[in-house]
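Undergrad: Chain order of the listed sequences is B and C. Residues in the first sequence are numbered consecutively from 137, following our numbering. Residues in the second sequence are numbered consecutively from 190, following our numbering.
Source of the hints: derived by calculation from the structure; they are not laboratory data. C-beta: ideal position from N, C-alpha, C; glycine also. It cannot be assumed that every hint is accurate.
As the list claims (entries may be wrong) - Facing chain C, a subset of chain B residues (Cβ under 10 angstroms, in silico):
1. P140
2. L220
3. P247
4. R255
5. K256
6. A318
Said to hold, decoys possible - Going by beta-carbon spacing under 10 angstroms, a handful of chain B positions derived as facing chain C:
7. Y203
8. R216
9. V249
10. H273
11. R276
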Amino acid sequence: MTAPLLRLRSVYRTYRTDGLAVTAVRDVSFDIQSGEALAVMGPSGSGKSTLMNMIGLLDLPTEGSIYLQGANMADVTEDRRSQLRARSIGFVFQSYNLLARHNAIENVALPLVYCGVGRKERTLRAERSLESVGMLHRARHFPRQLSGGEQQRIAIARALIAAPLIVLADEPTGALDSRTGAEIVTLLCSLNATGQTVVLITHDAGVAAQCRRTIRLHDGQVVSDERQIPALRNRAVAL
Amino acid sequence: MTVLQSLQIALHALRLNPLRSFLTILGIVIGVASIVTVFAIGAGAQVRLQEQIRSIGANVLMITPGAIHKGGIRLKEGTKLTMTESDVQAVLEQIPEVQAAAGSIAGTAQVIHENKNWNTTINGTTTAHFTVRDWQLASGRFFSSNEEAGAGKVVILGSTVAQELFAPGDDPIGAQIRIMNVPLEVVGVLDHKGPAQDDVVFVPLTTAKLRFLGSTSGINRDSIAYILAKAGSDDQLTGAKAEIEGLLRQRHRIVSGQEDDFKVQDPAAAMEAQQGAVRTVALLLVAIASVSLLVGGISIMNVMIVSVTERTREIGIRRAIGGRMRDIRLQFLCEALVLCLIGGTIGIVGGITLSMTVARMAGWITVINPEAIALAVAFSVGIGLVFGFYPAHKASKLSPIEALKTE
């Protein structure tokens, strides 16, 4: 059997502030298979963000291991992890995190700059990516000229541009009204339908319900890992 | 990420804040402009000095009347020129090292040819003057012995004067010019010797005394303003100098302990000393300009630190989507570098403009040499790298997680 896309094994993450040790994530183990749609749920302070930082290769566990396609992330250099972030992880943030001084297409193309892709190809691929989220007509707009929903779509286009292994969305609907939020979730689900692995971090049960698999965190520990039966999910959508 | 891409990002970032970018580079602009100007003026001064040394001629000693302005009573005495034509003869005949010697008197007057006129130096001398200074004719001839003896109404023009009085293609030889209402025939035009030297006309010493300068300055018939003497070679100069001093003391009846009423100078040595002084002043100015560059560098560092703080979130985003630490460092280093290069470029243009203005207004020679430009560019780049490194390093060391949390 091939290694899972991402494997977490007994992951702990402890912060030390003013001599006080706080364990944000304790003994978390699970696998993410290619093509999955996974929601990580939990109340605030449950360690969701800490877990996301580690899945997104921004952070390393203090104990335990994270394997991306079988490679232990503790064994690769910070530079290599940066490159992996550029090529393998597509971040979608709650507050969009677009660069205010660059227009939409420049923002979308940015990860490719760090992949060493030439300008022409960057523009071409950025256009394609913008098209896939229905935002091509906003290519020359700056973030401040766009609505929240539009900005989040641009951010998703940016996350997709390098054809990442995982799209990692941290509360992508948190700053949006419910209708726009639903549109964004629908967009992410449609990506998953084409085979894109999506990891969604949320505290919204309605959003989590759109994913086939939900992991619940509490006090830094996994309290449940449920998979919906596809038939059941279809019925839920039908309702 | 390549350097080119970093430069593009840097230019993009700097364009967004043009006023701040401009104010930041002002120190560099002023520093580089000062350096370029100082170098241009310094190089110009050296060129001028070298030209003067060359124009005097090789192995030349200049004998001038001694300090004439020392103390009340002797001031009156000093106004009388102490050198005479017989001194010239004596120097030439009695000192074996001296190959040629010429006495001169000089003044300024208007020279007129037809409808053109020009104010220039009138130098009354003998043909030996040109031998001493290794000065060749461009056309015509030197004074004949008859003309020298009989105060002939002839004149030899320096090339500048020939240019000012005669249209191009117009042969000055044989033409009549007037100086203080005395008509003179042009018998020769001299070669170029340098801008400061070519603006002169020569007449025979006798002519100058009889017709122009003698009558105005009230000096005695035999006296002259200075003597130029040429030694056979460079190593004879010192010996010749001492011998001339001895001879003139004897001739002027100066007893030991009494002060000389003349001075024997080696102009080339004096000018070389002056050149050293010019170099010292130039170095001092460069040091001051360097302080401006240093301040400019510090202001760039300051603004870059502020910029890094302001753009912490941007740095976080860039790190999250795949920017390596070195990419971030390169980006900010490039920004500092671009600032310095723009400042340097403006400074170079400003410096060239300034030195040209100085050249025009003060009449100095300024020389813009490529080395000075290269130095200015190297300085700008160096400052960009040195003062840009710390902020860039700081930016690259930011934790992406922390950076993403900032507002």
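Undergrad: If a hint holds in the structure, say so; if it doesn't, say that too.
TA: Hint-by-hint comparison with the structure:
1. P140: violated (23 angstroms)
2. L220: Hint on L220 (chain B): holds, closest Cβ of chain C at ~8 angstroms, below 10 angstroms.
3. P247: holds (5 angstroms)
4. R255: holds (8 angstroms)
5. K256: Violated, because the Cβ-Cβ distance from K256 (chain B) to chain C comes to roughly 13 angstroms (cut-off 10 angstroms).
6. A318: violated (26 angstroms)
7. Y203: With a minimum Cβ separation of about 20 angstroms from chain C (threshold 10 angstroms), the hint on Y203 (chain B) is violated.
8. R216: Since the shortest Cβ distance to chain C is 9 angstroms, the answer is holds.
9. V249: holds (6 angstroms)
10. H273: violated (23 angstroms)
11. R276: violated (15 angstroms)
In this structure, the hints that do not hold are numbers 1, 5, 6, 7, 10 and 11, in rising order.
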